[in-house]
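Trainee: Using the hints, build the complex out of the two chains.
Going down the list, the protein sequences come from chains A and B. According to the working numbering, the residues represented by the first sequence are 1 to 529, in order. According to the working numbering, the residues represented by the second sequence are 1 to 355, in order.
A couple of the hints might just be wrong.
Claimed, not checked - Computed list of lysine-lysine pairs in DSSO-like fashion (alpha-carbon distance at most 27 Å, straight line):
hint	chain 1	residue 1	chain 2	residue 2
1	A	Lys528	B	Lys178
2	A	Lys447	A	Lys485
3	A	Lys293	A	Lys447
4	B	Lys178	A	Lys276
5	A	Lys241	B	Lys112
6	B	Lys178	A	Lys27
7	A	Lys241	B	Lys178
8	A	Lys301	A	Lys407
To be verified - Okay, the calculated bits of chain A under chain B, using three or more residues with CB under 8 Å as the criterion:
hint	segment
9	26-39
10	214-221
11	232-246
12	440-454
13	502-508
I should point out that these hints are in silico values taken from the structure, not numbers from a laboratory. Ideal placement from N, C-alpha and C gives every residue a C-beta, glycine not left out.
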Amino acid sequence: MRKFIAGLVMGTALATAPLMAQAETPKNALVMAFAIDDIITLDPAQIFEFSGAEYAGNTYDRLIGFDNDDVSKIYGVIAESWDVSEDGKTFTFKIRDGIEFASGNDLTAEDAAFSLQRVILLDQSPAFILGQFGFTADNVKEKIYATDDSTLVMEVDQPYAPSFVLYCLTAGVGAVVDKEEVLAHEVDGDLGHEWLKTNYAGSGPFKLNKWTAGESLSLTANEDYWDGAPAMKRVIIQSVKEAAAQQLLLEKGDIDIARNLEADQLASISGNDDIKLLSKGKGALWYLGLSQKNEYLSNPKVREALKYLVDYKGISETILAGRSQIHQAFLPEGFLGAYNENPYSLDIEKAKSLLAEAGYPDGFSVTMDTRNTTSIMAMAQSIQATWAQVGINLEIIPGDGKQTLTKYRARQHDIYIGRWGPDYQDPHTNASTFAWNPDNSDDAAAKPLAWRNSWDAGDLTAKTDAATLERDDAKRAAMYVDLQKDVLENGPFVIMFQETEIASMRGNVNNFVLGPSFDNNYYRYVTKD
Amino acid sequence: MSAVKRNKRDGRNRARFASGPTATVLRLVFSLAITFFGLLLVTFLIGRVLPIDPVLAAVGDRAPQAVYDRVREEMGLNLPLWQQFFIYISNVLQGNFGQSVLTSNPVLDDIKRVFPATLELATLATIIGVSLGIPAGVFAAINKGKWPDHVVRVIGLAGHSIPIFWLGLMGLLVFYMKLDWVAGPGRLDSFYVDFIEPTTGLMLIDTLIEGDMDLFWNAVSHIVLPASILAYFSLAYIARMTRSFMLEQLSQEYILTARVKGISEHRIIWRHALGNVMVPLVTVIALSYANLLEGSVLTEIIFAWPGLGLYITNSLLNADMNAVLGGTIVVGAVFIGVNMLSDVLYRLLDPRARR
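Looking at chain B on its own, in the form it has when it is part of the complex (with noise of 0.2 Å):
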């Protein structure tokens, strides 16, 4: 995804350099068209590359010979790769992204199903990390090589190197099984699966835009644990980044100028040191945003968690290519996107991007 983050960033600084507004928007659509086309070339060549066969996944193992190249046929996959590409491309531009073969469902629709229940949990797992990543990290900082400093270390380590297929399975061992504080895998209790029309997809929204407050807490019992796990991760590097950047902020003259001048030590820390540590960590947050926001597979499928990850895993092992290029198109719009905001907040926060 780095290309893509790349890609986008040269275009922005072209853009900086342009004169007028029109040209500005102009270079900006040019080079995400570029980026795009990029990606989706790029995607479709690994996935024409891989060792699977596309035609099985809609005829299956069994079908007879015939069946099969007459199906096979029908999905193009005799053309010449590039007229295969260009064919897909000219479908893409006309709003046409394809039927997936596993679901027999329009792609579009699909990732309209899939994405929100990824945008759910990474949403809540960003603010539950950074509402607690943020203030482990000052803590650490202003008590550097002492025990709380170390307790937060300790964290952090564990939350990069624990594999989160455990770290899941025993969360459902202990809080579901034993404990009985949440509820198990799936976004609703099995029963309930088919009770909610999807509006927005989000099930917290959903629910309540239905009025029914059984559910709502049901489907809040259901994410608060993969939730937390994902949080989880994303906690421990943020407050590692906290921490440094706040080490960092803590040694500067600055720091010491509102000392002298008798400012409160509370005031220094979270207004002035934290005011400053904010801007780069927007950076940090937006990464670790985008990177839940593509779907954690693992926790997928240990919570029975039907989002974005899964699907696009899904459809890449059985070689679906219209489903894999359409969720490939969403991650790189969330980059970018996930990018483009945290520019925005960069720029607010940051008193000389303001000027």
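Next comes chain A alone, as it looks inside the complex (with noise of 0.2 Å):
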């Protein structure tokens, strides 16, 4: 018994004695709550996820980058300069002198062309971001070169505008790794690929500490940082999936930003002094794709009618609050060429006589595979609920994320609703997916999202691969408006917003830096008061 009373008594004890005072986090470091679950790696060869690119962005340099507020302007990183050649093949980069990796060791253009060449012997899944410019593994040695410590070399099969191929460039695959320190790492012949998934070598603001897959990431502030050394000596982010506890956190301080919070913890925080909200567009696209393969959605009338039977104001106001602006074009706002005219809102009556004109004035019954995600059921049921005023049965299927995609991936849907990043800063990358589909059939060797939709995009194929070659960027910007006006009128696709980054931040934190997407997002530059 005494036993027993002894147990209560430490049970009570434990459960309700006040532990510790709560404190702020320190004042020259960054604290952050962010779902980094999805980073499977840390080389930057093949990193393509969303946290995955922001750890890159901090930790790596490239060769060069774009202005975040204006991204025609594109400056020199770890470049200083560069020339393109008369015939537009041949590019020549200046290395900047006087760069150092962690290691201690000094950057050199050789290390430029071992990073660049390396995601081409690689061939991981951002490789073809380089390999679109005609490098092989059997190639790439000889097109991409130093001539000496301070020049780099690369030489492209085709006059492409030179904007596309620089933009490429700013992608994550652009990132300079340490050769001397990779190659120490080598494991038969892999450059040191196993090594780089969980290690760090680089020259960027920040340097790896630590990660944990599934649990936390953290860095050190790179002091000897060639453009000067960030505030913040140290930045720990822990992954917390659930928005509610992220939310919590934040106000209690025990964190100075929240990263993943939803529409209802944004409503709850705005009365709340401490917190502030920074907000930038980004590239994702929320759209659904309507297969080719189902006999109503393959009808011109009936994908014309479902661009105006979505209810683009409502979902945006409410179960996105804040979190999407409505964008219809496949470009998102922001990018060379982006078409930002919105030409569908709702309009019920105008659907019901194009269903009409159709031959399905009673409308049809039709599937959506949906993600079982808070607000993506919450934008299916908004979607079923309008299309029910016009007789469309909608049956929402919903699933996981990645067995939804599986299907998506299979053609075997009838509608899919899902969002797309783009996969660097050139309206090439969209362009590429929603407009191009050489190959139609099932054993196709490129699978766009035109494709996952069995939409053959005729001469739009064409048009895409021209666009890459005009070397005006007005001209340029002008085929990519035509692309988009004809995808919005006839494509498969009903493009409805464009996604909005929130973080949520404790008062004291100043300029962190949200990019258009997420490699951009910079923790270099925060201060805190």
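Mentor: This is the structure:
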């Protein structure tokens, strides 16, 4: 009995005693809650996930970068300057002097050449971003090379638009890794890939301290960073999946920034004066993919009707609550050539007459594969309710993310509600998936979104290819506007929203930078009052 | 998991009839091997039947088809199913459980990391659950039909019907946000997450090993709430079972005899009746402990607690089969281990089994 009483007392004491006073986070450290469980690798030649890209953006330097507020301004990072040859096929970069890797090795043109070659040789998911310029494992060492310590030469196979080539180099695959360090950990000719998956060999403003998959990621400042050491000496990111838990941590002051708050949390912190919001339009688009294998959806009138059957305003304002803006063309706002008009709005009568013209005055039944997260389900339900008004019976098939995606990729869906994020900052990234489909057969070699929806893009495929070779940026932009208008009118996509990222921060956090993609979210300018 | 238990019990029964210690051990090993093999086979088949493409976890949605095809081949997914399973089993026999696609780590390293988090939480929850649940059950039994009985029953009912998700968030809101009695989600304050090098992986012990009392108390303040919430659920179950076992014992003739002999009521309840109740109760506690050791996914999500439940669920949703199979083996081993432990305790507690 005595033992039980002791246990009881202990248990109660443990459960009720105020155990420690809460303190603010230290002034020279940035603490974030962020769902980083999508990180599967830390090797910049393989990283293709959102939070992985953010890691690389803060720890590795690239040859060039772009201004977050005006992406048409491309500036040098590791490359001080560059030249494009008359024929447009040779790019020569002058590498900045005096940059050191975290290992203490000097960064030279040889490191830059090795890093780009390595992307092609390893051939991981993002390798095509460079590979599309004609580099292969066989020729890359002849096409990308250093002539001396400060000169890097890159020879592409066609006279591409210079903006296309340069934008691709601003992507994660343009990160420069420490050749000596990486090769020191090479196993069986893997170019240090296995090692770099969980380690670090860069020159960026922060270096990796420790990554524990699915739990946390911590960085320390690079005190010798060539462009000025960051004020934050440590950055700690804790993986917190649950948005409500992130909100509590933030309101309590245990963290400085919460990255994944949803509509409910954003509404409930709006009255808290200690918290401020930072938002930035991202490149990701929310859209419906309409399979052309479905007899109803392959009817152009039906496709057009469905574009009038989304409550764009309602979903944007209530369900996505500040985390999106209405955007209907396939190039997100901010991209070269983006078409920012939104011709469609909710119009039941118009949709009814279009359906009648199509021969379905009483509607039809169709299914939609829907990822079972709160906001996606809510969007699907709003669409379901709207469609019911014209007699279309929409059956929502909920599933986990990878499950719905597997079905979509196998072309087994009727409708898929999804999100598409651009791979790099050039318009070709989205054009080559929404408006390009060279082979619509089941065993095609390339499977862009147009293919997934079994849509034969016709002459748009050739027009998309042509746009990559237009060297005049103004003309090139106009070509993309035409492509977007065509897809808006005829395509099997109901593009609805462009995502806005919102970071919720304590009031004393300044200069946290959100860019148009995750690899331009920067921690190096952050200061705390 | 009941299949494991049954299999294991079969093994034990057979072992009892065997002659000689060597045969017993052999039979035990054999039955364990069969159990694990069956477990792996079923998990493997379920994993492959899932409509989830395992290559997606490795290359992402945006990889070109050529990369996708190459990785698919590297993962051995182009081989017939039986061959894939055969390769996996022969690797396991050599002690190689493969690599997790999601974490780029060997599966065993991952499990060494996530299992202690769950173990720590489940153990503390069980200790709290037992130390409050048994007295509550006894108390209810001796006051059968009166208000203390009703109170315990209502608490028990609530423990079974309130969703843990809600309870966890409410707990955080009240005890963390409003009252400031405990710390928030995570095993340590976010700022400290990379301070501790795991030795045992048990935060309460590792912080002591490092001799950092601030961190120790920080870890305590983080584990109290999730452990209490998990404890509530096992408490409810343990109290209910204790009550019914006690009622059964208290109506037995030996209790009447004891009362006639004039033994104090206190001694009758806590020594005589509870002594006998402990025997079946050990099985109840063991089962509830084993359930907690599987990892409670929802609790782990709300409290950002990187444990086994979250690991296996996440792996399964990505069809990361090496990780799922590795996790399944651990869960199976835990069930078998806890069962064996409860057998041993059973023998110690039950005078008849000692003979």
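Trainee: Taking the hints in turn, state whether each one holds.
Mentor: Verification of the hints:
1. A:Lys528 - B:Lys178: holds, 26 Å
2. A:Lys447 - A:Lys485: holds, 22 Å
3. A:Lys293 - A:Lys447: Status holds; Cα separation ~15 Å.
4. B:Lys178 - A:Lys276: Cα-Cα ~21 Å, so holds.
5. A:Lys241 - B:Lys112: Cα-Cα ~22 Å, so holds.
6. B:Lys178 - A:Lys27: Distance of about 25 Å is within 27 Å: holds.
7. A:Lys241 - B:Lys178: Distance of about 22 Å is within 27 Å: holds.
8. A:Lys301 - A:Lys407: OK: Lys301 (chain A) and Lys407 (chain A) at ~26 Å, within 27 Å.
9. 26-39: It holds: at least three residues are needed, and the segment 26-39 of chain A offers 6 whose Cβ sits within less than 8 Å of chain B.
10. 214-221: holds (count 4)
11. 232-246: Holds, because 8 residues of the segment 232-246 of chain A bring their Cβ atoms closer than 8 Å to Cβ atoms of chain B.
12. 440-454: That given contact holds, which follows from 4 residues of the segment 440-454 of chain A lying within Cβ reach (below 8 Å) of chain B.
13. 502-508: violated (count 0)
The structure fails to meet hint 13 from the earlier list, while all remaining hints are met.
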